[in-house]
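Novice: Now that you have both chains on their own, put them together as the hints suggest.
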Amino acid sequence: MKKEESLKAYKVRLDTALENTFLRTAMDNFAVAYRTSRENAFAGMDVDAMIQEVADIKAHAIKNNEALLEEFTRKAVANGIHVHLADTAEDANRIIGDIAQKTGSKRIVKSKSMTAEETHLNPWLENLGLEVTETDLGEWIVQLRHEGPSHMVMPAIHLSRFQVADLFTDVTGTTQDAEIERLVKVARRQLRKKYIDADMGITGANYAVAGTGTIGIATNEGNARLVSTLPKVHVALIGIEKLLPTIREALSINRVLSKNATGQAITSYVTWITGPSECKPAVGGKREMHIVFLDNGRKKIAADPVFAQVLQCIRCGACANVCPVYRMVGGHQLGYVYIGAIGLITTYFFHGRENARNLVQNCTNCGACKAVCAAGIELPKLIKEIHARIQDEEGHPLKSLLLGKVLKNRKLFHTLLRTAKLAQKPVTGGTPYLRHLPMIFSKEHNFRVLPAIAKVPFRDRFERLNSPLKNPTHKIALFSGCVQDFVYPEQLEAAMKSFARANVSVTFPMGQSCCGLPAQMMGEKDAARDVALQNLAAFENEDVDYIVTLCASCGSHLKNSLPDLVKEYAPEKAAAFAKKIIPFSQFMNKIVGVEPMEGKGRKTAFHSPCHLCRGLGVRQDPKDLINKSGNCYVATLEEETCCGFGGSFSANFPAVSKEILTKKLADVEASGADLLVTECPGCVMQLRGGALKQGRDIQVIHLSELF
Amino acid sequence: MNATADKNWLTREFIENASLISARVYRVQDLASALDKALELCRSKLPCDSQMEPGQKGTDPMPGEKLRVMAAPNLDEADFTKLDKACRESGDVRLIRENLRAYPGGIDMGVTLVDFGIAETGTLVLNSDSEETRLSTMLCETHVAILNEGKIRETALSMADELNDLTGQASSYTAFITGASRTADIERVLALGVHGPLELVILLVEASS
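One line per chain: the protein sequences are W and F, in this order.
Residue numbers are given in the working numbering: position 281 of the first sequence equals residue 281, and the series is strictly consecutive.
Residue numbers are given in the working numbering: position 204 of the second sequence equals residue 204, and the series is strictly consecutive.
Just chain F, same shape as in the assembly (with noise of 0.2 Å):
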């Protein structure tokens, strides 16, 4: 098997095991399409339904105002300006990075670059060590993770070395992510967002790019 053939065979793979778990996986060409991609999607959700009731300690910091709130902490500089402006020209979304203690309610979507993709289980890892990336993945009804293809991996063990170094550093939270949030703890039942995210997406950025 040839390099691209190899690494086809490693995006169809963790599409189809993404997928049976529940989470959209889209491709796109490159960042600036995966952040528009995500902005549409945010723009096209129900709009969050508050878990805190009015009043309560820790409610939306923006009482009253209408705007979607979409959190991209672990974007660098210029996407993240770049964003923000294609934010407020739509008019109903407000991107934050910092402070998501604020939004105890939730927040709508939370957009993170994730580090890798493991194919055999469709599951993303996640370097979490700032609490705003962790925070925007945990309060948000929606999770938008933008993946490299590139950076999908066959197998958990396959990247050992690579896990060992992201967990081997002091104060390190890294994070396993497959599909969203769930119970089956009523009848075994299964129901998603007990916690969490309601839904995870997946942008998929074509190696090329």
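Isolated chain W, as found in the complex (with noise of 0.2 Å):
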């Protein structure tokens, strides 16, 4: 058993990991490769249908499970397989060595399973004596390097030719070239030996198709194929929840898979045994198979009305493939076993809260895992919920424990913004600043230069701004967040001058508060439900058309987070408030439709928040703005890639937040432009705070700074 990891030394692993050059540059060639290979491969076809299509198959397999594991099991009797049920790893672990001794198996090939990754059942074979050989080729690299893969269809990416050419060097004894095709063939003439002494096949399955009693493995490179046709005997260890009930949704599956893993149309073998198949050295002509189902905490899951859906995994990895976190320190930093999104929700189920504590805090929450993801799990979601049940059951660290009770009291949050507004300015030194970070900050959150609280906030300011009209357009209610309110109330200023020329009445609830996004973040839930309850009571009364907002993760958080935090205590309340939810631009653009303004040209480059692109579904609105306001939209490669911020994210890892940001930074320079702008002041932050640090040419802006 591993020792339990402390947080420091966690950082450390990412610190190393953000250092290795070939890391970051394979990382992020396969990051920015990606997204066009699976673009090209969904090409024409409706994908959001086919995801909705995967996710609904898989959503009613996980409520038949129990039906539809009986039946297959009956069937796959009744066709002379041996089935097993195992309740645990050890159990799964313990029913396959088992059956290597009593059918004399000295030497065992396998085929990639992450499920066999799950128990940790090499180990358990190699400690029986066993002789246990990885025959895809990534995974048999890890293997002889003692390490676990790092992507869930790609288990060596974080490794470069010439350390395989150097691993290959010591298993044939002979120098080998690092030279792709030859190390290829070096693994095809080692393993085929293998093949050919090997006692008993192992694979894992993509489907388990009850109606028929078979199941599919798809591969590339035809590994599985080997290991189910040469050794004698077969075992084929499958989670529950690869159940479906006829081969028609294994092929919608199928269609989606391949896809969305690597953007590769289907992979070269789709492996359909039904079994027990032919093998003539064996008696009787017929392979001995075996099929092990695992349950491992799966029954449970599927019970478990917030996390069933974490069984719709289809095992692609693209959550990592688009992580902004994963891109900089690869899988072996965020993972344990499973990598990606999918992995910081099931290390708590598999491998338990030691070992998901760390890793489920490292989550931007930018939410293009969510957006990519095959079957339409809630992956940011589901994380900030395992962050608050481990935090429930550890008992709350005292930081997020204190910011969970000084939001809940909004007279008490903003008095200690009015006070810190005091205290800082020794350190500011009169400029808009922080020149030296309060003691609350280390060193290593100095990446960017933090803006200073503002002299007078908003809620104090917008009385003056505000002038009541006769006949307004619209009607509208601002939700200003505590960011544009404590920190960049300019922000909002020049939204309300906007607001003025196109007629538009303004309100501005006193009682409203911090939107409780950032204690949902530290896995303060009830801090954020109070919060919502609070923010309800003070829209309650107010007779408008739109709540708008210029913060995009507050108008996110409002919109799609709130209603399910409330929803045991005024659903209705929060449905109608979060259906007026509207961010400025989308307001600005559509509902108001400001004219085309004469400007001075400037090349301008949008960063996309994550929570106004995914969290919202807007896109377009801040771009016509830009146009609008006399400026030119410059598309950037990175627009839609998070900036790092993430809240308290970039306080808990800092040198993962900078690295992020200065990609993000490198990619608007590249454009061309020297103004970049934005519709969130968290990404203002980060973005203006780093351009300045890095002494870059780009002046950051909100949106609403534009008019």
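Calculated directly from the structure, the hints in this document are not laboratory data.
Predicted, not measured: the structure shown is a model, and the values here were computed from it.
There's no promise every hint is true.
As the list claims (entries may be wrong) - 16 Å max Cα-Cα, derived EDC-like pairs, lysine to aspartate or glutamate:
#, chain 1, residue 1, chain 2, residue 2
1, W, LYS280, F, ASP129
2, W, LYS185, F, GLU53
3, W, LYS75, F, ASP165
4, W, LYS280, F, GLU98
Specialist: Written out as structure tokens, the structure is:
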């Protein structure tokens, strides 16, 4: 058993990964290439509908899991297959070890199985004195290096050809050149012997079709075919969530799997085994075939109303492919056995909270994973749920507990912010930036210049800025969020001018508080719910058509998460409130319909806040507004990539946050833009502070400040 | 769209998508010309690079023989006899259909009649219940698949019933094959032939034949 890792040790591991130049380049190239490959693979298809279908199929199958397992077992047993049900990982390993011993198997070949990684099958079998050889090239490489896979479908993506050449030189005793084509041939030759000598083959499966008792395995290399054909014994280890009613459902999922995984239309091989198949040297001419179904907590997850959807995962790995943190630090740092966003969640269930505790915090909540998930799993939300659950079980850390307590009490919170304004004077040196960080932040946070708290918050300026209108075109209430209220009131002031020009009447309910997202990000679900209820009360009696916000994170939280948080308290109120929430850009462009104006024609890049493009589905309005402001919108490659802020994420993992930010700014600079516009004060804070610190010639402003 | 135009469209789609994953597709008039083509390809390929060291267990059962080895386990008796005769006459190819396990080092070519094609992905569907059929497509360097144009379906889903029948039999082993064995496990660089065939050739037999 691995020793429990402290958060500090975990951060050291992250730092080491960030310094690994090869890893960084490899991950980066992949992140960029993947986008195009996926887009091409799905070209001309209705991706959303296909993903919805996968989600529906899986959700339905999970509900009927028990019946499907029974049906599969009946069919398979009738066909002459031995079917086992393992309650735990250890049970599965023991069953497979027993099969090996009963059949006198000494040498085992395996094709890649994440489920076998989950149960730590290889070390178990090796302890019994058996020789186990992985036959998937990437998996064999990591096995030889005594590592786990760093990606669910590309296990050795963290390694260079030189590392592989060195490894193969050791294995063969002959010097091997770092030439990929030849290295692949070395594996072909080395592994062929293993297949021939093997007594038993172990595979996983992507599908278990109950109607016919058939398993389906997708591979590119064809290794699962040899593993299930040459040895006299075949054991398939399969999680019970892989059960499906008929081949039709399996084909629907298969149509999405490889497209989403690597941008391939289909894997080179999909093998459907009803078995036991012909095996000439075996007694009776048929292979001895076993299927071990693994529960290992899955039944419990299936019965959990919040987490059941985790089992919809088809193991495509796409959530890692698009994750900004994965891109910086690689899979070994962003997973335990299971990698990526889904790994942050399943580690808790399959490998315990001690292995999930640090991981689950390493998420910017950017939502890229959810947007790409083949099975429509609400990954960011579930990551936060796990975070909250772990804190509930282990006790909340003081920092998050305090934050929760403070946020619950708006007056206390705002008083603290006002006091902070005074306390910061010595450190800001009279400029609007904190030159030296107060001691609550350590040196590693110094990667961006942090702004100071404004002299007068927006809430104290509102009355002066607002002039009541007789016949307004629209009536809105403004939700400011804490950052704009107390740090960037000028962004709201700019918006007020635009509202006045458009004859829009504005109210600002003083009872409004933090949106609650920071509390949720820190696993303080109770506090998040409390402030949600306070905000509902604050806006309850406002007679307005819209609630406009200039903070995409607040907007997305209020529209998407708030109703869920208070569903047992005020579902109707929450629905009515959420319906009115609209981001500034959409309101000005679609509802008000501002006219184009003359401007400086500056080349302007847009940073699309995660919570705007993915959270609220708003993509075009800000770009239209940039052009309408008399400037010239220029596209950037990483427009929708997270800036690395992520609220408490940037405070918890500053080193990772800094690298994500640098990537972002370099991309903007490469576009030739000297003005960078965004629609979230958090992003402004990160990007402006980073541009200043790095001395880049990029001005960062909020969209409202263009007008 | 009339039936002929529809068929042509499916064939074109199939060829296009199979070519995308670097399968070589040739259209032939009938099975006889398909087998001629296979023999021609076998004779012109580089000799098999045996994966086993000399003297290792299970090396070539005919040591010292310089002939290329072609396996065609799922041809019917008459076609096998015809092809066997042609191979013998060529003087450099030996045709087999049994005991593929005796060739762990690999064979030059596996020739199989495949059951279906799937246009959407350029995929072949092969009933591989027989161990010899299976091994002939795994141990060969070149897999030559012979597909009747009339057996091309639009998508895998559109032939779910046929697939259900194929996989519904006890002992069934059904393979979807799309291109050659491939990997991108080292630096995501595509390499063919990591375990199975180095190349896939599809011989499309025209529907009228």
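Novice: Indicate, hint by hint, whether the structure satisfies it.
Specialist: Hints versus structure:
For the suggested pair LYS280 of chain W and ASP129 of chain F, the alpha carbons sit about 12 Å apart, so the restraint of at most 16 Å is met. For the suggested pair LYS185 of chain W and GLU53 of chain F, the alpha carbons sit about 14 Å apart, so the restraint of at most 16 Å is met. Pair hint LYS75 of chain W plus ASP165 of chain F holds up; C-alpha atoms about 14 Å apart against a cutoff of 16 Å. At roughly 11 Å between alpha-carbon atoms, LYS280 of chain W and GLU98 of chain F fall within 16 Å of each other, so this suggested pair holds.
The earlier numbered hints are all upheld by this structure, with none contradicted.
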